[in-house]
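J.: The chain contents come next:
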Amino acid sequence: MNYLDLLKLASPEAIIAVTALAVLGIGLASTRASGVCSFAATVGLALAIGAVMMLPRQATLFHGMLVITPLTSLFKIICLALAFFTVILARSDRASRNPGEYLAILLLATIGLLLLVGTEELLMIFIGLELTSLSLYVMTAFDKTDVRSAEAGLKYFLFGSTASAFTLFGLSFIYGMSGTTGLAAIGQKLATQPMQPLLFVGIVMTLVGLAFKIAAAPFHLWAPDAYQGAPVPSAAFIASGSKVASFVVLGKIVLVGFAPVHGSAAWHAMIAGWSPVLAALAALSIVIGNLVALVQTNVRRLLAYSAVAHAGYTLLGLVAGGRDGFSATLFYTTVYAFTLVGAFGVVALVRRETGGDDLTNFSALWSRSPLIAGCMAIFLLSLAGLPPLAGFFGKFYLFSVALRSGANHGLLWLVVLALLGSFISLYYYLIVLKMIFVDEKPQAEISPAGGSLGEGGDFLQRITLTVLAGAVVFFGIMPTTLVAQIIASLP
Amino acid sequence: MIAWTIYITFAGAVLLLFMPRIFARWIALATTAAGLVTSLIAFFQISIVDLATFKTIVRVPWVPMLGMNYHLAVDGISLTMAFVTGLVAVASVLFSWDVEHRPSEFFFWLLLVVGGSYGVFLSADLFLLFLFYELVIVPKYFLIAIWGSTNKEYGAMKLTLYSFFGGALVFIGIIAAYVTAGSLDLQQLAQFQFTPQLQSWAFPVLFIGFAVLAGIWPLHTWAPTGHVAAPTAGSMLLAGIVMKLGSYAGLRVAMNLFPQGFQAWRVWIAVLAVIGIVYAAGVALRQRDLKFVIGYSSVSHMGFVLLGFATANVLGVSGAVLQMFSHGVIGALLFAVAGRMVYRRTHTRDLNTLSDMGLSRALPFAAFSFVIASAASMGIPGFSGFAAEITILIGAWKAYPLAVWITGTGMVLVAAFTLRALKKSFFGESASEVRTQEGRVLVDADWKEQQNITVRITMAEKCGACLLMFATLGVGLYPKLLLDRVMPAVGAMRFLK
Chain X
90 MNYLDLLKLA
100 SPEAIIAVTA
110 LAVLGIGLAS
120 TRASGVCSFA
130 ATVGLALAIG
140 AVMMLPRQAT
150 LFHGMLVITP
160 LTSLFKIICL
170 ALAFFTVILA
180 RSDRASRNPG
190 EYLAILLLAT
200 IGLLLLVGTE
210 ELLMIFIGLE
220 LTSLSLYVMT
230 AFDKTDVRSA
240 EAGLKYFLFG
250 STASAFTLFG
260 LSFIYGMSGT
270 TGLAAIGQKL
280 ATQPMQPLLF
290 VGIVMTLVGL
300 AFKIAAAPFH
310 LWAPDAYQGA
320 PVPSAAFIAS
330 GSKVASFVVL
340 GKIVLVGFAP
350 VHGSAAWHAM
360 IAGWSPVLAA
370 LAALSIVIGN
380 LVALVQTNVR
390 RLLAYSAVAH
400 AGYTLLGLVA
410 GGRDGFSATL
420 FYTTVYAFTL
430 VGAFGVVALV
440 RRETGGDDLT
450 NFSALWSRSP
460 LIAGCMAIFL
470 LSLAGLPPLA
480 GFFGKFYLFS
490 VALRSGANHG
500 LLWLVVLALL
510 GSFISLYYYL
520 IVLKMIFVDE
530 KPQAEISPAG
540 GSLGEGGDFL
550 QRITLTVLAG
560 AVVFFGIMPT
570 TLVAQIIASL
580 P
Chain W
1001 MIAWTIYITF
1011 AGAVLLLFMP
1021 RIFARWIALA
1031 TTAAGLVTSL
1041 IAFFQISIVD
1051 LATFKTIVRV
1061 PWVPMLGMNY
1071 HLAVDGISLT
1081 MAFVTGLVAV
1091 ASVLFSWDVE
1101 HRPSEFFFWL
1111 LLVVGGSYGV
1121 FLSADLFLLF
1131 LFYELVIVPK
1141 YFLIAIWGST
1151 NKEYGAMKLT
1161 LYSFFGGALV
1171 FIGIIAAYVT
1181 AGSLDLQQLA
1191 QFQFTPQLQS
1201 WAFPVLFIGF
1211 AVLAGIWPLH
1221 TWAPTGHVAA
1231 PTAGSMLLAG
1241 IVMKLGSYAG
1251 LRVAMNLFPQ
1261 GFQAWRVWIA
1271 VLAVIGIVYA
1281 AGVALRQRDL
1291 KFVIGYSSVS
1301 HMGFVLLGFA
1311 TANVLGVSGA
1321 VLQMFSHGVI
1331 GALLFAVAGR
1341 MVYRRTHTRD
1351 LNTLSDMGLS
1361 RALPFAAFSF
1371 VIASAASMGI
1381 PGFSGFAAEI
1391 TILIGAWKAY
1401 PLAVWITGTG
1411 MVLVAAFTLR
1421 ALKKSFFGES
1431 ASEVRTQEGR
1441 VLVDADWKEQ
1451 QNITVRITMA
1461 EKCGACLLMF
1471 ATLGVGLYPK
1481 LLLDRVMPAV
1491 GAMRFLK
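Those protein sequences? They're chains X and W, same order as listed. Using this note's numbering, read the first sequence as starting at 90 and increasing by one per residue. Using this note's numbering, read the second sequence as starting at 1001 and increasing by one per residue.
So that you can see chain X by itself, here it is in the shape it has in the complex (with noise of 0.2 Å):
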């Protein structure tokens, strides 16, 4: 193979690199040209989604370091997407004093969740989350005036490397006991060895680190804290973009790599294996983040626990395991993604307006600004699970695959679970949005400097917020067109 080759293949991820040293060239060219900047990136990651598209079905590149196949250019997309709204979100961040620097670190990680997808190989896999992880750091502590966003970053960095940590020891013995470090070539090769305690300890610290990536108690508690603390557009690419590559390559390593220890998490007959370990994370996510969100009284936090529950459900899917459960998981990571980006986008504006985002900052958000309130009620309703949105759908399909797998509805305890999280979650959802639209004046002091929501303010962002929010309904009434991709996609 050929460079020229290579680099076709790997055009997606060239793109990006490329336009990250030109938005980082421009940025130190002039500190002001933060428009510039963000414009360059837009563009850059606009191309990338049409390199993906240009992309063959099939390929292999280093022997399977990367690979493309219909599901890597799937998420690829979907990942360049959540990095686009999330540029757009970043424009004009207070906290980014330096737009040139803040959103070139933002594309290394997109970087990072593009290698995550496309690859099937250990080594590739800790590289990408690494890169991932170690550009989220940064992204996280970039608010250099705030206390809290340094406090944030040191918290998400020393919990971050010590997971990555266990996930290479976990790797290690995994290589150890396979000789191999492809995902396939590993499943084979576990399906012929005989169960060793060795090989469990190696897949539980595998999954210890991922199970910090996607916030999933009890490795959760960088969340809350990285949630309210980072810059807006930060937090809200950690709860999106973060989370749908890792449970994408989460999906893969156990569905691909540890199929021959799946393992039972059935009430009554369960087996060792990974998918019982999964579901104890499910259930302890769920109920943890779904009972302490309801005292929260800072939407960012709340939020943040709220992914934690959000975490649990999704690896429902991973628990009954197979196609109909991967894919259930897919659908269900990523459109919450997509709803967690819009809500993020809307603290942006009322931080930015009110200057805080407290449950207090929110209220009588209807009276200020009726589109963007309308904006939150739907990505609120729609992580709540109410119809006609997306989550609701995603529920429905995550809960089904679950209760379908295994004979006996052996899962029907983590069901029974996951409905009365969501359950708990209606209360709190439903408090802030008491508070945008049922009280009639503003509680908190709306500071001047800010500027009104009302006026035309920043019209692109109003455009993306909407463009979230019918994609959440568009995605609640008509689900085919997102479950036909990713079912066609897996194979």
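Quick caveat, the hints were computed from the structure, so don't treat them as lab data. Quick reminder that beta carbons are idealized off the backbone N, C-alpha and C, glycines included. Errors might be hidden in some of the hints.
[Unchecked claim] Footprint (simulated), chain W over chain X, 3 or more residues, beta carbon under 8 Å: (1) 475–482; (2) 485–495; (3) 502–514; (4) 523–530; (5) 561–574.
With the hints as your guide, set chain W onto chain X.
T.: The following block gives chain W in isolation, referenced to the frame of chain X:
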């Protein structure tokens, strides 16, 4: 044809968001009236023979991978329910003619409730039915929390969480049926033989989930607080339509899909229903707030519906459907009088305060409507309440004679609390002559807003009240109109075979 009720209503709701607020009530009225006319035309156009089975009217693949279809069907039961939805919807818009506060939003949420209800009554796909069923939850929250009165945020949250809790139970039942039978089509599921073991746990989960919305004792407590907190149109919709969603879905889904589970559990439904009838009537007797009296009377009347279901014979279940129609109309009328005609003018619902006002002379039309509604609610022959309850009791006599005896005493209580409310609210001893001229109500000197309110009953109120009174009287005098359509459809249900 009847499917257009759904589309018209949702189109009207979306239109409201983009039109100036001065048109809001007119758009809402036009939309609900169009829905009523559509359901009326369908009611008389579809031949009675066709209504005996759950006949498909629209069927479009929706999510083929999961076997979901956009599938609507109609039979006598769903047509009757669509009809009462249309009636109550028009009346509730007429009774909220004076909503000045955020009117576009108000009618938007109102139309979502109406549209979702049409959807539930016409769905023949389990997922679609559940989608419409859950769609109604959030609009109710906003209707109550923004435009309500008395403890509105508490009432709204309680009602929403109860509904959503019921929804979660329903969710479990639905996916259990779905993954076992591999289909979401109600017509196919009605043919599928579920194992007795599955039925024995799935039926109660599903039925209780639905029955939360129907106000089954002891999960009824959302109903009185919710009704009281809601604005007039909100309580009309709640009592008139939303509670019927639960009972209708319980009949259409839980009972029809899991007949053996139903047979095993129906005695418990009868027990809960009878307790509900007597208990709620007893509680209503002790209330001081007029709306609480009516709220508990709703629970009591919905108890009759559940008792009718538990009889498991054609007569009893048909009576239950008739009662759903009847209580939809009567409950809406009672709340309209209490919430709009009385409370809006006097700013009090306290029975003792009201009894000093002599409202029968101040508001003769309100008094007249309330007498009619009370008579219908007590089950005086000639009104729909009588026709429905007597049918249920005859049906119940065959199944549970003891239940009829207990319910009989319950009906005395119903008459007692209704008469008490009637006497105290309209025919109390008035303190002075000055207060009791027609068109003058003087209370609460501190209440500034009163000066701006027309005390005379407005045209819109008269139209709305007349619509509902004619409906209860018409069905009361000629119940055959509904029974002809309902009984064959009930007879076709699986649990009766």
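J.: Look at each hint and say if it fits the structure.
T.: For each hint, the structure was consulted:
1. 475–482: It holds, with 5 qualifying residues against the three required.
2. 485–495: Result for this restraint: holds, n = 6.
3. 502–514: holds (count 6)
4. 523–530: holds (count 3)
5. 561–574: holds (count 4)
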